[in-house]
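Number of protein chains: 2
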Amino acid sequence: MPQTRIALDAMGGDDAPGAILGGALRAVSAGMDAARILLVGDAGRIESFLGEHGGNPGFEILPASQVIEMGDSPAQALRAKPDASIAVAVRAIREGQAGSLVSMGNTGACVGASTLGLGTLQGVRRPGIAVTLELTGKPLTLLDMGANIAPKPDHLVQYAAMGSVYSRECLEVAAPRVGLLNVGEEAGKGTQLLKEAYPLLEASGLEFVGNVEGSDLFHEACDVVVTDGFTGNVVLKLLEHFAGFMLGMMLRELDSHQALGWGREALGHIRRSIDYSTYGGALLLGVNGVVVIGHGRSDESAVANALELAARALDTEVNRFIERGLATG
Amino acid sequence: MPQTRIALDAMGGDDAPGAILGGALRAVSAGMDAARILLVGDAGRIESFLGEHGGNPGFEILPASQVIEMGDSPAQALRAKPDASIAVAVRAIREGQAGSLVSMGNTGACVGASTLGLGTLQGVRRPGIAVTLELTGKPLTLLDMGANIAPKPDHLVQYAAMGSVYSRECLEVAAPRVGLLNVGEEAGKGTQLLKEAYPLLEASGLEFVGNVEGSDLFHEACDVVVTDGFTGNVVLKLLEHFAGFMLGMMLRELDSHQALGWGREALGHIRRSIDYSTYGGALLLGVNGVVVIGHGRSDESAVANALELAARALDTEVNRFIERGLATG
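Protein chains in written order, with the working numbering: chain A, -6 to 322; chain B, -6 to 322.
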């Protein structure tokens, strides 16, 4: 079943290939069939790592001789490195060897290669990056987190539709409520983009709850938050770094009270609830394939979560539901 | 010296007039001359409160018979309530009875009344809301936080200039470095607005350090962060509520380890560093007067801080420096 295989970019990420391959092994330990994972990258390094870690449990390896580094300019790197692991992984999907791609590498390169190489799903105008957080214990999906920094009103409506389908099919939220991120609750608020998107969302047939503000993320006011890719990207980076900053302050306070022992553990609970890699990473919704993009700093556990997310998105056939949803919407 | 007096909106805010008048008394205890404060609002309630709290130490009272509530639509309320405390306070500045206004009331009404009633400083195209945080121990000023949700590139340059003057004159930052909030560091990043603002900022003569991202707020990459009012407002609300949310999670963790006693105190330190009322509130930069707008939920301490900020802005003649800066810039 090549369509349900996952091409894993073994070379992308700060700790690649070690953390990536370790994550693949961890996913297999947790029950995933090794034959489902197609490792893409430097075959020699991959085999040598696996040899040192108990042998290859059954992964297929697809060689790729180049690597796009985290700091590379995406467009330039994709042109200059046609045999980069991320490009080879995208080709594997296009050629039917896999249905999904997981990468912890250069986000821009991953979005670019996937969008150009896979094309969009039937009816989708622009792909969007969806991220799921579990701030309150219930999954909250935000999109777009940066694929499309200057969207049109109808792009936002499509993000709402795709986010709703994803939330329902993959996160088991029964009737996902959609909010539009804005600076006030009233219908006439915000930029021209939002003023135009609001009535379209009202007429969309989705469970649109209206405008939401930053405060609404923390009390389950909705299940899907739609925003433009600029605001989404700023917000996501700010939240991540602010969380790390606050946890750091907290650790210093705990340290001064000799409470570091249990403090680190307690803060670990908090960190997980605000880290989107708990849900496996960001999903590029709208492309013709399942594309999961993780943090460059992903560890084995994050990689295993990303593989789980890709498998879930493949198994639930979320893309088929998205096409159906957009056709009827 | 009526020009250095501060008109305090006694009726604006969730706990008005109690918290507001308590804040005025606290400012006087801390050394401010009571004659400097002009209380605007319901004279009967003000006198009765002061009578119950040791008497009037020398405040003048300017009666206003109406109040704009927190939930009122700003434009409608300003039309319907011409004798609202916020409107009367703005008139007091226009008529030379005061040089500054401090309000914890309806932000939109305060921005609207001030902008229309006071006009802009010489050379200023659009006022902007500046907020100062002290995340790392050094003041970081962000603007615009919501006065102008769809600015032009030259508005952003003016925000950079006004923020720099404010940072230097009122916050004692020697040579304030300006960053442009964006989704990446490279010059060509971001929306059309930011692409156009970037070269203007480079040519402005300000200490422009280029684009900054959310992560840069936490390691002193710059002293002034410029953004459009939409992004600024979303970011500010998100940070505030996220901080409260995380502090709540931390308290629950501390509670489960029977460490609430010192925990609350430790978290208080963190809360202060992320609360902009530590710096007295938001300053509406660019209007012809000193306008300080606080949280609706401001307590006595926040009100006293806001009065201190207004006094500092008046005493340093920040508006004269802004006009001079824009004339030479």
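Mixed in with the good hints, there may be bad ones.
Chain copies aren't distinguished; within one or between two, either way the pair holds.
Stated by the list, open to error - With a straight-line cut-off of 25 Å between C-alpha atoms, the simulated DSS-like cross-links for lysine-lysine are:
(1) 188 - 145
(2) 131 - 230
(3) 131 - 182
(4) 131 - 145
(5) 131 - 74
(6) 74 - 230
(7) 74 - 145
Quick caveat, the hints were computed from the structure, so don't treat them as lab data.
Because the structure is a prediction, the values reported are computed rather than measured.
Against the structure, the hints come out as follows:
1. 188 - 145: Classified as both; 11 Å inside a copy, 19 Å across copies.
2. 131 - 230: both (21 Å within a copy, 21 Å between copies)
3. 131 - 182: Neither. Shortest intra-copy (28 Å) and inter-copy (34 Å) distances fail the 25 Å Cα cut-off.
4. 131 - 145: neither (29 Å within a copy, 39 Å between copies)
5. 131 - 74: Neither. Shortest intra-copy (41 Å) and inter-copy (43 Å) distances fail the 25 Å Cα cut-off.
6. 74 - 230: neither (28 Å within a copy, 42 Å between copies)
7. 74 - 145: Neither, since 32 Å and 39 Å both go past 25 Å.
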